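Visitor: Those protein sequences? They're chains A and B, same order as listed. Each residue of the first sequence is one higher than the one before, counting from 1 in my numbering. Each residue of the second sequence is one higher than the one before, counting from 1 in my numbering.
Misleading hints may appear alongside valid ones.
To spell it out: a stretch of chain A is covered by chain B in this simulated footprint if at least three of its residues, at any positions, have a beta carbon under 8 Å from a beta carbon of chain B; those stretches are [stated by the list, open to error]: (1) 17-25; (2) 236-245; (3) 248-256; (4) 486-492; (5) 665-676; (6) 681-694.
If the Cβ cut is set under 8 Å, some of the chain A residues that face chain B in the computed set are [to be verified]: (7) Leu28; (8) Leu29; (9) Gly33; (10) Phe35; (11) Tyr128; (12) Asp277; (13) Arg278; (14) Asp571; (15) Thr658; (16) Gly662; (17) Leu698; (18) Thr700; (19) Ala701; (20) Cys702; (21) Val704; (22) Leu707.
If you are wondering where the hints come from, they were derived from the structure by calculation, not from laboratory data. Since we're looking at a predicted model, the values are computed, not measured. Glycine included, each C-beta is placed from N, C-alpha and C at the ideal position.
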Amino acid sequence: MTTTGTRAQSLPSTYVGARVGRKEDRRLLRGEGRFGHDVQRPRMLHARVVRSGIAHGRLVSIDATEAKQLPGVVDVVTGADLPRPLRIPVRLKVQDVDLTEYLQPILPTEEVRYVGEPIAVVLAEDAYVAEDAAELVVVDIDELPVVLDTTGPADDVTIAADFTMSYGRVADAFDAADHITSLTFDIGRHSAVPMEPRTLVADPVGPGELEIFGSTKVPVFNRRVLAEMLGLDDERIRMHAVDAGGGFGVRGEFYPEDFLIPWLALRNRRPVSWAEDRQEHLVSVNHSRQQRHRLSVALKKNGEILGLRADVIQDNGAYARTHGIIVPELTIAMLPGPYRVPAYHARARVALSHKTPCGTYRGPGRFEGTAAREQLLDKAAAELGIDRVELRRTNLLVPTELPHARELGTLGTDMVIDEGDFPGLFQAALDRATRLGWPDAVTAGRRDGRVMGLGVAMFMEKSGLGPYESADAEMTRTGRVRVYSGGTSLGQGIETALAQIAADVIPVGIDRIDVVNGDTAEQPFGTGSWASRSTVVAGNAVRAACQEVADRLIELAGRLLEAPPDELLLDDTGVRHKTDAGKRCSYSELSAAAGPASPHLRPDEQPGLRRRARFTVDHMTYPYGAHIALVEIDPGTGNVQVHGYLVVYEVGVAVNPTLIEGQLYGGMAQGIGGALLEEFRYDDAGQPQSATFMDYLLPTACEVPRLDVLVLADHPARTNPLGVRGAGEGGLTAAGGCLASAVRDALGSLPGVRPDITRLPITPAEILARIGSGTPATDRPG
Amino acid sequence: MRDLHLITTEVNGTQHELVVESRRTLADMLREDLGLTGTHLGCEHGICGACTVLLDGEPVRACLVFGVQADGKQVRTVEDLADGEQLSPLQQAFSKHHALQCGFCTPGFLMLAESYLASRPAADKTEIREVVASNLCRCTGYQGIVDAIHEVATAQQAGPVQP
Numbered sequence: 001m002t003t004t005g006t007r008a009q010s011l012p013s014t015y016v017g018a019r020v021g022r023k024e025d026r027r028l029l030r031g032e033g034r035f036g037h038d039v040q041r042p043r044m045l046h047a048r049v050v051r052s053g054i055a056h057g058r059l060v061s062i063d064a065t066e067a068k069q070l071p072g073v074v075d076v077v078t079g080a081d082l083p084r085p086l087r088i089p090v091r092l093k094v095q096d097v098d099l100t101e102y103l104q105p106i107l108p109t110e111e112v113r114y115v116g117e118p119i120a121v122v123l124a125e126d127a128y129v130a131e132d133a134a135e136l137v138v139v140d141i142d143e144l145p146v147v148l149d150t151t152g153p154a155d156d157v158t159i160a161a162d163f164t165m166s167y168g169r170v171a172d173a174f175d176a177a178d179h180i181t182s183l184t185f186d187i188g189r190h191s192a193v194p195m196e197p198r199t200l201v202a203d204p205v206g207p208g209e210l211e212i213f214g215s216t217k218v219p220v221f222n223r224r225v226l227a228e229m230l231g232l233d234d235e236r237i238r239m240h241a242v243d244a245g246g247g248f249g250v251r252g253e254f255y256p257e258d259f260l261i262p263w264l265a266l267r268n269r270r271p272v273s274w275a276e277d278r279q280e281h282l283v284s285v286n287h288s289r290q291q292r293h294r295l296s297v298a299l300k301k302n303g304e305i306l307g308l309r310a311d312v313i314q315d316n317g318a319y320a321r322t323h324g325i326i327v328p329e330l331t332i333a334m335l336p337g338p339y340r341v342p343a344y345h346a347r348a349r350v351a352l353s354h355k356t357p358c359g360t361y362r363g364p365g366r367f368e369g370t371a372a373r374e375q376l377l378d379k380a381a382a383e384l385g386i387d388r389v390e391l392r393r394t395n396l397l398v399p400t401e402l403p404h405a406r407e408l409g410t411l412g413t414d415m416v417i418d419e420g421d422f423p424g425l426f427q428a429a430l431d432r433a434t435r436l437g438w439p440d441a442v443t444a445g446r447r448d449g450r451v452m453g454l455g456v457a458m459f460m461e462k463s464g465l466g467p468y469e470s471a472d473a474e475m476t477r478t479g480r481v482r483v484y485s486g487g488t489s490l491g492q493g494i495e496t497a498l499a500q501i502a503a504d505v506i507p508v509g510i511d512r513i514d515v516v517n518g519d520t521a522e523q524p525f526g527t528g529s530w531a532s533r534s535t536v537v538a539g540n541a542v543r544a545a546c547q548e549v550a551d552r553l554i555e556l557a558g559r560l561l562e563a564p565p566d567e568l569l570l571d572d573t574g575v576r577h578k579t580d581a582g583k584r585c586s587y588s589e590l591s592a593a594a595g596p597a598s599p600h601l602r603p604d605e606q607p608g609l610r611r612r613a614r615f616t617v618d619h620m621t622y623p624y625g626a627h628i629a630l631v632e633i634d635p636g637t638g639n640v641q642v643h644g645y646l647v648v649y650e651v652g653v654a655v656n657p658t659l660i661e662g663q664l665y666g667g668m669a670q671g672i673g674g675a676l677l678e679e680f681r682y683d684d685a686g687q688p689q690s691a692t693f694m695d696y697l698l699p700t701a702c703e704v705p706r707l708d709v710l711v712l713a714d715h716p717a718r719t720n721p722l723g724v725r726g727a728g729e730g731g732l733t734a735a736g737g738c739l740a741s742a743v744r745d746a747l748g749s750l751p752g753v754r755p756d757i758t759r760l761p762i763t764p765a766e767i768l769a770r771i772g773s774g775t776p777a778t779d780r781p782g
Numbered sequence: 001m002r003d004l005h006l007i008t009t010e011v012n013g014t015q016h017e018l019v020v021e022s023r024r025t026l027a028d029m030l031r032e033d034l035g036l037t038g039t040h041l042g043c044e045h046g047i048c049g050a051c052t053v054l055l056d057g058e059p060v061r062a063c064l065v066f067g068v069q070a071d072g073k074q075v076r077t078v079e080d081l082a083d084g085e086q087l088s089p090l091q092q093a094f095s096k097h098h099a100l101q102c103g104f105c106t107p108g109f110l111m112l113a114e115s116y117l118a119s120r121p122a123a124d125k126t127e128i129r130e131v132v133a134s135n136l137c138r139c140t141g142y143q144g145i146v147d148a149i150h151e152v153a154t155a156q157q158a159g160p161v162q163p
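Take these sequences, add in the hints, and give me the full structure.
Guide: See below:
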């Protein structure tokens, strides 16, 4: 199936596959969304975190005397006040790497390791007073030397993890090669930067009982961590996932504040609200991406890849956070991508520095690895004198080679690349770009003296990580279906996608389906929304739970109507006989029939029409795609203008093509940001230089061109009954590689310019330096 | 010492008398004192535009305006766009064109577009893109936002729609 920009006009025969409007939209458009900071409670206190202004130093003293005297201040706490030294555990353990000694403390007592590290918290009756008081906390720190370059001499740098992955005979491949191409490729430090900063409200609703609003992403996991730290049963904490203003990996992980705010609420027996400001967000939320990749590829004369070597150093910042070493792990596991790589050896090292610690950001490891690999292939093609498209075609795995078990593991699962047609999709992308007129535009532009180029990149994604997800479904008294899912709503439209899946099983119509996500009391086993897994694992769990409810409805109706189940079916208002129109019972009658006092219920039967199901999966599924971009370089300013951007992406089954396109559009914009604009920079003392939106540059509508997408659903995934693959990250995955390729192509059209791209983001200064060296006559501003 | 002021302001057609501290932002006044939480704070330094509201019809960053500056003036927020249950043309177009995902920046874009289309009813896509560039969205790639605003502009040019 191929989608275009048109929307379905009539009611769909199945909801899965239809462009139904989002259930989320109405409340969000009316300003009726409920975000964490919208929650207010009587007698609510406001927290403000005091953060280190020094990148590395010994904590000498913290004096809160003056802060405590300010009228309205209720409490000031430091590391010394915590019940015991607490560190935040790793959520995703891989490679059996023990990171215990590098974990982040809730509050440090001896040493600070990055600017932005929480040192103390002030509680006040009013948020303005809390900020005033935080300014009055006097922190004395003895400065220590800082490490900012993790690619320097190893004795300066702490290596928290060092691991390898390999298969095949790599040394032999390099010995047998006709040609070897090598490239060192750096990616700058980026973060997701969702528009809503982090927020939390913790309400102590009873002694040792908490309700928490705002922990949207992995609420069940975070509840477990918090409960263990507080010494409480998980069940005494109820986390409500609320609307979240974007996630992209960083929001909703367990940060120091996720302990501090609930703990302060219990300690003061009052609700506590906390919302970070943007400056805090940019120095304290998970950073990501910063890696150096040293790659070599062994090739035959005809461009055939014989082997690949990779050496990756990740600058992980000051501490190991909840994702541990998952980013470099995914980088090297996914680096061969959709290509036939007979032999592979990769080493990854996780280095610590005095910067904000890192986690994942949309497309973790794949954005980085794809950028480095695709630029390596462009360089190899140029060195061999082969067209870069042909080089890729030569090496893409073909359908008859799939499923392809690659002798690698990641995220604790073996890698089995399932169904697909990589060359077919690549051709579809090239054809689309040709129809859009992009190759002609480059030819014509260059004839007119313009510096233009086309970028091409292929990628393989991963999605649908197990091991399980659970869901409940319930038929209500009024004939509505309630679905309780462990997914969480981060703007991706999961509420609508899950309702579509449910509506195909219980045909009451999507408007009569209510989806409740991420409430730990309703779905205590939910594993949250991350890693492009929700539609795959939560979707299949919802389908299974709805099927159980449907079966139960048929069974009960069979008793009421005295008919065998195989003669009955569900319709929009109840269960009816397939041929005898007079035999039917409504959902409200069935709800009553399932009640505890019902004569239709057998003594050993559970009352109610709510059922819980679990979906488990051993292997991930691997969506894939291609990016193509049309760019123009302004030789006067060094600015790279993206004139056109295309993503073609295979998703197996498109539950809602509009939502998938939306995910791709957003990813493409973030990719343009990551490739050309965004970077956290530090000065020599480790002071962040990108702590406002004046310095950390997000793309605006003027940097993002008209976007073009082609969603393919030709190869349903074999790993799940719905056949779906995740779509959250593919818009971003190859953007670094594609824009590096486009800029390389444009620079290569200039005589004497060194075109290889070795670093993202590609800044105007870098472009000007290249052009300056190539064409001395260029008139450019200083 | 708190520096308090008694102000009178009309918000979404309703008159309010409020006592506000001089440093209290219009955004905090709307969200916390009046419970109008549709106005969102994304950066508090005037870049992201999530908090855009209309002050006497002009779009302003509610994080950079003090509550006292609304004294004697009219404020419109996202809560005022729909007519009862009926979404405004812009709200409908945003939904139709998938111009929102997380919805956090959406009220700011809606209010920006509301005032822009009032002054430039026949805006073309290039102009719309330039105006939209004054606010930040991290989800949509701006595609749907530009399309939605353009559709409303086109409908306005075509004249009032007959019911």
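Visitor: It remains to establish, for every hint, whether it holds in the given structure.
Guide: Each hint tested on the structure:
1. 17-25: holds (count 4)
2. 236-245: As far as the segment 236-245 of chain A goes, the hint holds, because 3 residues have Cβ atoms under 8 Å from chain B.
3. 248-256: violated (count 1)
4. 486-492: holds (count 3)
5. 665-676: holds (count 6)
6. 681-694: holds (count 3)
7. Leu28: 3 Å, holds
8. Leu29: Because about 4 Å separates Leu29(A) from the closest Cβ in chain B, which is inside the 8 Å limit, the hint holds.
9. Gly33: Where the cut-off is 8 Å and the nearest Cβ of chain B is about 5 Å from Gly33(A), the hint holds.
10. Phe35: Cβ of Phe35(A) sits 7 Å from chain B, so the hint holds.
11. Tyr128: 7 Å, holds
12. Asp277: 5 Å, holds
13. Arg278: Hint holds; Arg278(A) Cβ to chain B Cβ min 4 Å, cut 8 Å.
14. Asp571: For Asp571(A), the interface hint is violated, since the closest Cβ of chain B sits about 28 Å away, which is over 8 Å.
15. Thr658: Hint on Thr658(A): holds, closest Cβ of chain B at ~5 Å, below 8 Å.
16. Gly662: At 5 Å from the nearest chain B Cβ, Gly662(A) passes the 8 Å test, so the hint holds.
17. Leu698: With a closest approach of 5 Å, the Leu698(A) hint holds.
18. Thr700: 4 Å, holds
19. Ala701: Holds, because the Cβ-Cβ distance from Ala701(A) to chain B comes to roughly 4 Å (cut-off 8 Å).
20. Cys702: 4 Å, holds
21. Val704: Check passed: Cβ of Val704(A) comes within 5 Å of chain B, closer than 8 Å.
22. Leu707: Hint holds; Leu707(A) Cβ to chain B Cβ min 5 Å, cut 8 Å.
The earlier numbered hints that this structure contradicts are 3, 14.
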